[in-house]
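Number of protein chains: 4
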Amino acid sequence: MSTKKKIGILGASGYTGAELVRLLLRHPRVGLTLLTADRRAGQLMGDVFPQFAPYELPRLVSIADVDWAKADLDLVFCGLPHATTQTVLKDLLAKAPATKVVDLSADFRLTDPKAYAKWYGHEHHALELQSEAVYGLVEIYRRDIRKARLVANPGCYTTTAQLPLIPLLKAKAIEPDEIVIDAKSGMTGAGRAAKEEMLFSEVSEGFHAYGVGHHRHMAELDQEFSKAAGKDVVVSFTPHLVPMNRGIFATIYVRGRRGRTAQELHAILTEQYAKEPFVYVLPFGKTPQSRHVRGSNMTFIGVAADRIEGRAIIVSTLDNLTKGASGQAVQNMNLMLGFAETLGIDQPAMFP
Amino acid sequence: MSTKKKIGILGASGYTGAELVRLLLRHPRVGLTLLTADRRAGQLMGDVFPQFAPYELPRLVSIADVDWAKADLDLVFCGLPHATTQTVLKDLLAKAPATKVVDLSADFRLTDPKAYAKWYGHEHHALELQSEAVYGLVEIYRRDIRKARLVANPGCYTTTAQLPLIPLLKAKAIEPDEIVIDAKSGMTGAGRAAKEEMLFSEVSEGFHAYGVGHHRHMAELDQEFSKAAGKDVVVSFTPHLVPMNRGIFATIYVRGRRGRTAQELHAILTEQYAKEPFVYVLPFGKTPQSRHVRGSNMTFIGVAADRIEGRAIIVSTLDNLTKGASGQAVQNMNLMLGFAETLGIDQPAMFP
Amino acid sequence: MSTKKKIGILGASGYTGAELVRLLLRHPRVGLTLLTADRRAGQLMGDVFPQFAPYELPRLVSIADVDWAKADLDLVFCGLPHATTQTVLKDLLAKAPATKVVDLSADFRLTDPKAYAKWYGHEHHALELQSEAVYGLVEIYRRDIRKARLVANPGCYTTTAQLPLIPLLKAKAIEPDEIVIDAKSGMTGAGRAAKEEMLFSEVSEGFHAYGVGHHRHMAELDQEFSKAAGKDVVVSFTPHLVPMNRGIFATIYVRGRRGRTAQELHAILTEQYAKEPFVYVLPFGKTPQSRHVRGSNMTFIGVAADRIEGRAIIVSTLDNLTKGASGQAVQNMNLMLGFAETLGIDQPAMFP
Amino acid sequence: MSTKKKIGILGASGYTGAELVRLLLRHPRVGLTLLTADRRAGQLMGDVFPQFAPYELPRLVSIADVDWAKADLDLVFCGLPHATTQTVLKDLLAKAPATKVVDLSADFRLTDPKAYAKWYGHEHHALELQSEAVYGLVEIYRRDIRKARLVANPGCYTTTAQLPLIPLLKAKAIEPDEIVIDAKSGMTGAGRAAKEEMLFSEVSEGFHAYGVGHHRHMAELDQEFSKAAGKDVVVSFTPHLVPMNRGIFATIYVRGRRGRTAQELHAILTEQYAKEPFVYVLPFGKTPQSRHVRGSNMTFIGVAADRIEGRAIIVSTLDNLTKGASGQAVQNMNLMLGFAETLGIDQPAMFP
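Residue numbers (the working numbering), protein chains in the order written: chain B, 1 to 352; chain A, 1001 to 1352; chain Y, 2001 to 2352; chain Z, 3001 to 3352.
Quick caveat, the hints were computed from the structure, so don't treat them as lab data.
Treat each hint with caution, since some may be false.
Claimed, not checked - Pairs of lysine to any residue, SDA-like flavour, derived with a Cα cap of 20 angstroms:
#1 Lys2286/Y x Gln3043/Z
#2 Lys195/B x Val3048/Z
#3 Lys286/B x Glu2197/Y
Take these sequences, add in the hints, and give me the full structure.
Following this line, the structure appears as structure tokens:
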């Protein structure tokens, strides 16, 4: 259809690429006109993800072969690896400055160039873009996102933790120095690269933590939590892997400030998210299951009192490929292109 | 919206009920106005399936409390147990004769009352409806379905086996007396009733056959295969359970008639299904995976040559809750209500 | 063999019963002479657990039909439900006072009759036995267990948490008021009773917490932690369910007292368990996976520094059916009958 | 202990290597004195498989660094890749001719050099050893194995299919030209190499066939079935992958010869295996589950009548890592070293 916006996906052969295609194939206002995948260039999307074999989609091409000006894209989703992203987007936006970008990597999430250099061990290669980028946590930065050309889509762990904690930190309702986040992720969060430790027989029928004490997602959490709290915040964060495909589940242990009870924390979140289409706060004392958001763009949040007086337990869960990556990216796109925010991402979860 | 058709689901607390709600919540031409679930009457759908908590849906009621005339339903999906179905539908259609019905039970699938009595051990309680019912395998009976008031939605195993075999039997391209169907199903096919043998720890990390030699789905297969072949056909059929939620996968062993090769069988199916929106035949020699149709209404079919000369191996797979039950039911509804056949069931599979 | 001790299992049709049979069939010093299972009385063990069909085992009987004096058992494992246990063991020990008992229920774990009454809502029915019972956490109470007639086998969650925490509390190395235990369990921990929420399709492909804020295992933890710390201790404890069969995995967040570092905590545990056959402390900074203790009687413990200064993260994992139940029960039996402690339970984990 | 036999494992870092270590650590008559793993040379077995960290085991070495004469091994298990095996064993047996070998690769399973050359595309590099090798299917070749120096351990699929079919073919009780073997395997059968198609998210929650029409295990089946039938036999064989770790499950469709009924086939197998410690034939009409042999060296076989008159369905299941590989290898070792056949491999299955 002539009125459909032209969309590209860079790095379409990974799981977030497949999730974007799944969602966008049914989006009424856009058409996929460019799919890149360097190592699979020349192949069909149906060769890489057989579920798409029955659909008409552009053949996969190499990024080096794309003429950005000619491509004339309205918006690009960028799912490239760290560092490569900076170089590619710098080039793209130089040649096609009217194209908008939702970047799914971590490259543009940190606003402070010094923080970036510290965490990644080198200077940022696209400093001017870094300062332009808007952090794409829709429920917090919706207004800025509408006007942005470059949006840095948040990580899956960090979205799960921020949605319940940012409003509580802003309200100064919890102690910022005693936050413990015990996070659990499904396997798709680890990507599609062939590694021994991700083989079925290595990860099924068991449970484990990884990166204990030094997970790289923490820079993003530090930044946003400190901004919300108005002071430096360092949280305890431990990620684990669950033998399931999709889902992030965070059990968060907090202490109320100045006598705030768990029920008061619950009230703050209930009010904050009453009108949000993609955040649902359960009744007090109830906690959600990751399977009940599977495949949807929803975040489910529950709050209960802890046995230790003065403390509360917050549970937050979402689908790491949808609200934790590609679904939120489409939500950002909808805002950036002036569509209804829920367009194409309003399907209920698939359970069982 | 005033122009939306009014839809009811009888037996909404089971897995096929949840799948209907998932699909119909996004269907642009219908509204759910009645949900029944006798044991959960008075509860919200979100109590029974938490993924629906954020959506507005009618409260669950008991069938005994429904006034069919007042309910004024355009169409009812019936997911009640065997036998109960006959009684309820007889009553419903007597009081609201203009309501259309898609029945997901096995009660109206057999056209011969004698076959019914033999397989189920008693006379059919709604003989006049049985003769009215149209068998709802869309790709075969599309024309009759458009005009039907009562459609008997096919079983999941039988849909998987019939889509590849009916065209081959009609073309007299395979020996009807040497068909071996080795079928594998995900666990949702066994329903939501609490049984020891369906507990996670009983069925994960293992594989087994069940009902070897005497599975009840065979009556339906016998009827349709005999009709297609023009002679009595009895097939070998063995169902197995796979530790996964969704998916039916059938490996079918056949012998070509009069020298028909596997490639010729492949050509027949490719031609037959070239324009069907929900059947995709892979290139010759390739076979599909159940995960690539998960959550979609697609059937994927592959054909390869067997090592034994003159024989072929056919693989057919679909999602038992979608094309194998609720998706096909919506496909039937679309035809019966005059909508586009693919409306509301065109989402691609969700993988991973 | 004439010198083999005569062993009975009460409640042999559950998962802990099956695990006891698995371990005892290869134990060189004992013979199984009594298996009870009231609802399966008259059946063979191979009917209830087909893996035992090839083995010679006594037929299942009802407890009511057992003559305790005649049975002449050296030791009984009791895997009966709460409350029933008290009545049955009172009767058994009255009629066969020389029989020793390892009880796998929670009935005799609390030493304080008042605590029992508070948590369970009624008086204990066998008060004299409650005072006689020894708490069977071998690594802590080995000496008492050797002389005991009645041992209360610890729970699976509590064993996982106590093995790392008891030595640290005794050494006053951690703050007793800031302990957060985030625990994850495989599905066998929920038993074999047919419940909707334990069906494969309800628990696979997802993750959730349960009993947030009020789990019944806490009485046992409170008792033992308070004893170790020499003051009342209330911990935060949140259990979760993982879609796997076996394994308990606890991520424990602690703060060191008086400047104790994570490395010092690690040193205390390493020294404490250097000679224990069933506790292995990993090198500092490394954390274990539940799958690497599967089917073995081992507990693996890891310690790492937290990002928040002064705090440490302790990970502890064991197989809930082995060290968390039946394996530890056999370990107790070995001590009570004077065998080598590791006899029959020295098999390495089964991974993959 | 001085009287323990000295055992080596070549290729200890794969799953069959880990399974050998698991079984041999508890074997009372042997000690592990050599473990090789070229890419992991210098590491501990506990680095490669953390479940072995608490055990004393020799450090991993590179094959090139082994002095076979000095190593003075009584028996070697060889789990090296195809072709490499031939070269290594030729060298080993030249330098240490008294060492016995159980080879787990396919290199010595084919007795006919021409068949080998045809299937593998090159001449065999150790022809004299090929003619010396004994095929290690214990229940069929027990007598030859006792005297053998080099035993070719059978494959997992082929063991599963041969145990029920060889006696029936020898008895001329089934039609040799109409055998259809529909085989399903757990993921460990695919090994530990990092491949995209073996990642958790690629293989969980789904089912698929592979190598349809041309699986390499067929050479071994052709050879043994032809020998048993006394004529050339070509069977239909289709392997599938099940999202589970361990287990092979074969559903085998056969036609009785000269009116042989399913019950007669059952009687032949029951008699054949009445005294075998590792083969259990279920009562007629019952079929086994793969989970009930998990971790054991058992094969469970069931026979039922097919719906098609004159045909029968045979189900055979074993653990691919135990009876399908390392357990059968230890069974072979026991015979070759004069031990009791069941020593060290008599543990019951681990279910759940």
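Results of checking the hints against the structure:
Distance restraint check for lysine 2286/Y and glutamine 3043/Z: the Cα-Cα separation of roughly 16 angstroms lies within the 20 angstroms cut-off, and the hinted pair is therefore satisfied. Restraint check for lysine 195/B and valine 3048/Z: the C-alpha separation of about 14 angstroms stays at or below 20 angstroms, so the hint holds. At most 20 angstroms may separate the alpha-carbon atoms for a hinted pair to count; lysine 286/B and glutamate 2197/Y meet this at roughly 16 angstroms.
Violated hints: none; the structure is consistent with every hint.
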